[in-house]
Amino acid sequence: AQKITQTQPGMFVQEKEAVTLDCTYDTSDQSYGLFWYKQPSSGEMIFLIYQGSYDEQNATEGRYSLNFQKARKSANLVISASQLGDSAMYFCAMREGPTGNQFYFGTGTSLTVIP
Amino acid sequence: DSGVTQTPKHLITATGQRVTLRCSPRSGDLSVYWYQQSLDQGLQFLIHYYNGEERAKGNILERFSAQQFPDLHSELNLSSLELGDSALYFCASSDNLLGYEQYFGPGTRLTVT
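Line order of the protein sequences matches chains A and B. Residue 1 is where the first sequence starts when you use the working numbering, and the numbers rise one by one after that. Residue 1 is where the second sequence starts when you use the working numbering, and the numbers rise one by one after that.
Worth flagging that the hints you see were computed from the coordinates, not collected in a lab. There may be inaccurate statements among the hints.
What the hints assert, rightly or not - Straight-line distance between alpha carbons at most 25 Å, and here's what the computed DMTMM-like set of lysine to aspartate or glutamate pairs gives: (1) Lys57/B x Asp26/A; (2) Lys73/A x Glu61/A; (3) Lys73/A x Glu54/B; (4) Lys3/A x Asp71/B; (5) Lys9/B x Glu44/A; (6) Lys3/A x Glu54/B; (7) Lys3/A x Asp1/B; (8) Lys70/A x Glu54/B; (9) Lys73/A x Glu75/B.
What the hints assert, rightly or not - If the Cβ cut is set under 8 Å, some of the chain A residues that face chain B in the computed set are: (10) Phe12; (11) Ser53; (12) Tyr54; (13) Ala88; (14) Phe91; (15) Arg95; (16) Asn101; (17) Gln102; (18) Phe103.
Claimed, not checked - Here are the in silico distance ranges between beta carbons for each label pair: (19) Thr60/A x Asn96/B: 43 to 51 Å; (20) Arg18/B x Thr7/A: 24 to 32 Å; (21) Thr20/A x Arg18/B: 33 to 41 Å; (22) Gly52/B x Glu15/A: 31 to 39 Å; (23) Ser110/A x Gly28/B: 29 to 37 Å; (24) Gln14/A x Lys57/B: 40 to 48 Å; (25) Ala71/A x Asp95/B: 28 to 36 Å.
If you're wondering where the values come from, they're calculated on a predicted model, not measured in any experiment. We put the CB at the ideal spot given by N, CA and C, even for glycine.
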């Protein structure tokens with residue numbers, strides 16, 4: 001089974017609108033963490049947001065928020081007020097294990113912001 | 001600029017050869033992670049070092065090895081290279097053991113011909 005599943009290969013959003021990028025994960029560990037990264041066409045990987053499995057509040061960082069639904073094993077990224085510069089590939093990732101962590105990445109979602 | 005540096009930016013080499021990729025983490029970061037990004041395999045975690053000690057191994061081939069030196073820079077050694085090793089190799093660093101908020105370097109693009 002895939003550890004991280006991103007079912008949306010491509011998404012389009014109008015500038016200034018909000019968009020949700022889906023991510024589901026699979027783990028039997030109690031301690032894990034979920035990440036989102038952005039990869040623009042230039043190729044660098046940019047850390048966006050992190051959610052620990054024991055965090056009770058959803059993580060937020062500026063225009064990014066992580067909609068963490070533990071029972072459903074989903075960790076969707078919400079980008080509010082989309083900007084043209086948000087056009088990029090977005091990867092969901094998971095850290096598994098309290099020590100000796102393993103990291104797993106999804107296949108990514110390509111987001112295009114339309115003016 | 002993430003503060004993580006990787007050299008070289010590009011590397012072209014032949015099958016069977018050996019190469020070394022270098023990574024300098026952000027100042028103060030003790031953790032270094034190596035990842036491989038290829039079209040067919042996607043992003044894969046290779047290995048994690050914390051303060052000079054190997055902490056976790058992911059999908060790292062036996063032909064690959066890494067180390068982290070006392071000054072905290074890290075090197076990833078790839079030997080007996082095959083065409084399938086062509087990929088973008090990222091190094092990332094963080095200031096903690098759990099690996100949240102990792103900062104990625106610009107990557108080394110390896111092409112094996």
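Against the structure, the hints come out as follows:
1. Between Lys57/B and Asp26/A the CA atoms are separated by roughly 19 Å; this keeps the pair inside 25 Å, and the hint holds.
2. Only pairs whose Cα atoms come within 25 Å are accepted, and Lys73/A paired with Glu61/A is accepted, the gap being roughly 21 Å.
3. With a C-alpha separation of about 30 Å, the suggested pair Lys73/A and Glu54/B falls outside the 25 Å cut-off, and the hint is violated.
4. Restraint check for Lys3/A and Asp71/B: not satisfied, since their Cα atoms lie roughly 34 Å apart, outside the 25 Å limit.
5. Using a Cα cut-off of 25 Å, the hinted pair Lys9/B and Glu44/A holds, with the two alpha carbons roughly 12 Å apart.
6. For the hint linking Lys3/A to Glu54/B, the alpha-carbon distance of about 23 Å falls within 25 Å, and the restraint holds.
7. Annotation: proposed proximity of Lys3/A to Asp1/B is violated, straight-line Cα distance about 30 Å (limit 25 Å).
8. For the proposed pair Lys70/A and Glu54/B, the alpha carbon gap of about 31 Å is over 25 Å, so the pair is violated.
9. Using a Cα cut-off of 25 Å, the hinted pair Lys73/A and Glu75/B is violated, with the two alpha carbons roughly 36 Å apart.
10. Taking 8 Å as the C-beta cut-off, the interface hint given for Phe12/A is violated, the closest approach to chain B being about 22 Å.
11. For Ser53/A, the shortest C-beta to C-beta distance to chain B is roughly 11 Å, which exceeds 8 Å, and the interface hint is violated.
12. With a least beta-carbon distance of about 12 Å to chain B, the hint placing Tyr54/A at the interface is violated under the 8 Å criterion.
13. Given the 8 Å rule on beta carbons, the hint for Ala88/A is violated: about 14 Å separates it from the nearest Cβ of chain B.
14. Interface restraint check: Phe91/A against chain B, minimum CB-CB distance 6 Å, threshold 8 Å, status holds.
15. The interface hint given for Arg95/A holds, since its Cβ lies 5 Å from the closest Cβ of chain B, which is under the 8 Å cut-off.
16. Taking 8 Å as the C-beta cut-off, the interface hint given for Asn101/A holds, the closest approach to chain B being about 5 Å.
17. The restraint placing Gln102/A at the interface with chain B holds, with a minimum CB-CB distance near 6 Å, inside the 8 Å limit.
18. Taking 8 Å as the C-beta contact cut-off toward chain B, the hint placing Phe103/A at the interface holds, the least distance being around 4 Å.
19. Against the hinted window of 43 to 51 Å, the Cβ-Cβ separation of Thr60/A and Asn96/B comes to about 20 Å, which falls outside the hint.
20. Hint check: Arg18/B to Thr7/A, Cβ distance near 40 Å, so the stated range 24 to 32 Å is violated.
21. Range check, Thr20/A to Arg18/B: Cβ separation about 45 Å, and the 33 to 41 Å hint is violated.
22. Range check, Gly52/B to Glu15/A: about 47 Å between beta-carbon atoms, so the 31 to 39 Å window is missed.
23. At roughly 34 Å, the beta carbons of Ser110/A and Gly28/B sit within the given window of 29 to 37 Å.
24. Roughly 44 Å separates the CB atoms of Gln14/A and Lys57/B, a value that falls within the hinted 40 to 48 Å.
25. Our hint of 28 to 36 Å for Ala71/A and Asp95/B holds, since their Cβ atoms are close to 32 Å apart.
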